[in-house]
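> For reference, the chains in residue letters:
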Amino acid sequence: AQSVAQPEDQVNVAEGNPLTVKCTYSVSGNPYLFWYVQYPNRGLQFLLKYITGDNLVKGSYGFEAEFNKSQTSFHLKKPSALVSDSALYFCAVRDMDNDMRFGAGTRLTVKP
Amino acid sequence: EPEVTQTPSHQVTQMGQEVILRCVPISNHLYFYWYRQILGQKVEFLVSFYNNEISEKSEIFDDQFSVERPDGSNFTLKIRSTKLEDSAMYFCASSELLAGGEETQYFGPGTRLLVL
Numbered sequence: 661a662q663s664v665a666q667p668e669d670q671v672n673v674a675e676g677n678p679l680t681v682k683c684t685y686s687v688s689g690n691p692y693l694f695w696y697v698q699y700p701n702r703g704l705q706f707l708l709k710y711i712t713g714d715n716l717v718k719g720s721y722g723f724e725a726e727f728n729k730s731q732t733s734f735h736l737k738k739p740s741a742l743v744s745d746s747a748l749y750f751c752a753v754r755d756m757d758n759d760m761r762f763g764a765g766t767r768l769t770v771k772p
Numbered sequence: 246e247p248e249v250t251q252t253p254s255h256q257v258t259q260m261g262q263e264v265i266l267r268c269v270p271i272s273n274h275l276y277f278y279w280y281r282q283i284l285g286q287k288v289e290f291l292v293s294f295y296n297n298e299i300s301e302k303s304e305i306f307d308d309q310f311s312v313e314r315p316d317g318s319n320f321t322l323k324i325r326s327t328k329l330e331d332s333a334m335y336f337c338a339s340s341e342l343l344a345g346g347e348e349t350q351y352f353g354p355g356t357r358l359l360v361l
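Protein chains in written order, with my numbering: chain V, 661 to 772; chain Y, 246 to 361.
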C-alpha cells in the first residue's frame, strides 16, 4: 500500500529566504505525487503534481517540487518565502487504484 | 474558474442522528471523492465514486456511511447514526478522467461536522 511521510511538523523561515518542506513516499509502481496547501478555515488547494517527465515540477504561487526517485522524495520548495505562504502543507501520493493518501501535514510559518 | 462547492459549511447534530453532507463537483468531472480531517490530524480518504458506483473505500467507510449521486449535479455523503468520533471536517473532491491517470483532484471548502 502507498504511504507518504512528512518528517517535519513545523517549518519556520524568514521572509525572503528559501523554503523547503520535505516529503518522502512509498508506493508500488509509478508514483503520482501531489502537494496541497490549506489556509486557515479553508479547504485544500492544489499546488502541483508529478506524474512523469521532468523531475522539477513548477506549480502555483511560485512553488516547485523536485521528484527524486532514488531517495523516494518529493520536497516542496520556493526560492523566496512570503509571509502569505504561511499555511499547512500536505503531500499526497496516489497509485493506480486512484485513492489518495495524505501526509500528516507540515505547518509553514514565514516571519517578516 | 470552476470550483467544488459544499453545503452546509457547518453542521451540529446530536449523537445517533442522521446527517447528509452535500457537494456539487465541477461540472465536467467524472470521479468524486470524500475525505475527512479530524481536528489537528491528517486528511483521510473515505470513498471514491465513479459511474454511479463506489470504486474504492477505506476501512473508515463502514456501514454507517453511504454515498449517492441523486441527480446530475449533487454528490452526497450520508452518515446514518452519527457518533462522537465522526466529528471532523469533511471534504468533497472531484477530478476529470484524464488519459494516463493524470487526474488532479480539486477539493471543496469542507463541511465542519460536530456531533454532540
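These are calculated hints, taken from the structure and not from any lab test.
Take the hints with a grain of salt, since some may be wrong.
Unchecked claim - Straight line, CA to CA, 30 angstroms or less: simulated DSSO-like cross-link-like pairs of lysine-lysine:
1. V:K709 with V:K729
2. Y:K302 with V:K709
3. Y:K287 with V:K729
4. Y:K323 with V:K737
5. Y:K302 with V:K729
6. V:K771 with Y:K287
7. Y:K287 with V:K682
8. Y:K302 with V:K682
9. V:K718 with Y:K287
10. Y:K287 with V:K709
11. Y:K323 with Y:K287
Keep in mind the model is a prediction, meaning the values are calculated, not measured.
> Does each hint fit the structure? Answer for all of them.
Tested hints:
Under the criterion of a C-alpha separation no larger than 30 angstroms, the hint pairing K709 (chain V) with K729 (chain V) is consistent with the structure, at around 15 angstroms. Proximity of K302 (chain Y) to K709 (chain V) is assessed by CA-CA distance (about 23 angstroms); at most 30 angstroms being required, the pair is judged to hold. Proximity of K287 (chain Y) to K729 (chain V) is assessed by CA-CA distance (about 24 angstroms); at most 30 angstroms being required, the pair is judged to hold. Of the pairs offered as hints, the one joining K323 (chain Y) and K737 (chain V) is violated, with about 39 angstroms between alpha carbons and a cut-off of 30 angstroms exceeded.
In summary, the hint linking K302 (chain Y) to K729 (chain V) is supported, as the alpha carbons are separated by about 28 angstroms, within the 30 angstroms threshold. A hinted pair counts as satisfied when its Cα atoms are at most 30 angstroms apart, and K771 (chain V) with K287 (chain Y) qualifies at roughly 25 angstroms. Straight-line distance between C-alpha atoms of K287 (chain Y) and K682 (chain V) comes to about 16 angstroms, which keeps the hinted pair within the 30 angstroms bound. Restraint check for K302 (chain Y) and K682 (chain V): the C-alpha separation of about 28 angstroms stays at or below 30 angstroms, so the hint holds.
At roughly 25 angstroms between alpha-carbon atoms, K718 (chain V) and K287 (chain Y) fall within 30 angstroms of each other, so this suggested pair holds. For the hint pairing K287 (chain Y) with K709 (chain V), the CA-to-CA distance comes to about 19 angstroms; that is within 30 angstroms, so the pair holds. Restraint check: the Cα-Cα separation between K323 (chain Y) and K287 (chain Y) comes to about 21 angstroms, which is no more than 30 angstroms; the hinted pair holds.
Hint 4 from the earlier list is the only one contradicted by this structure; the remaining hints agree with it.
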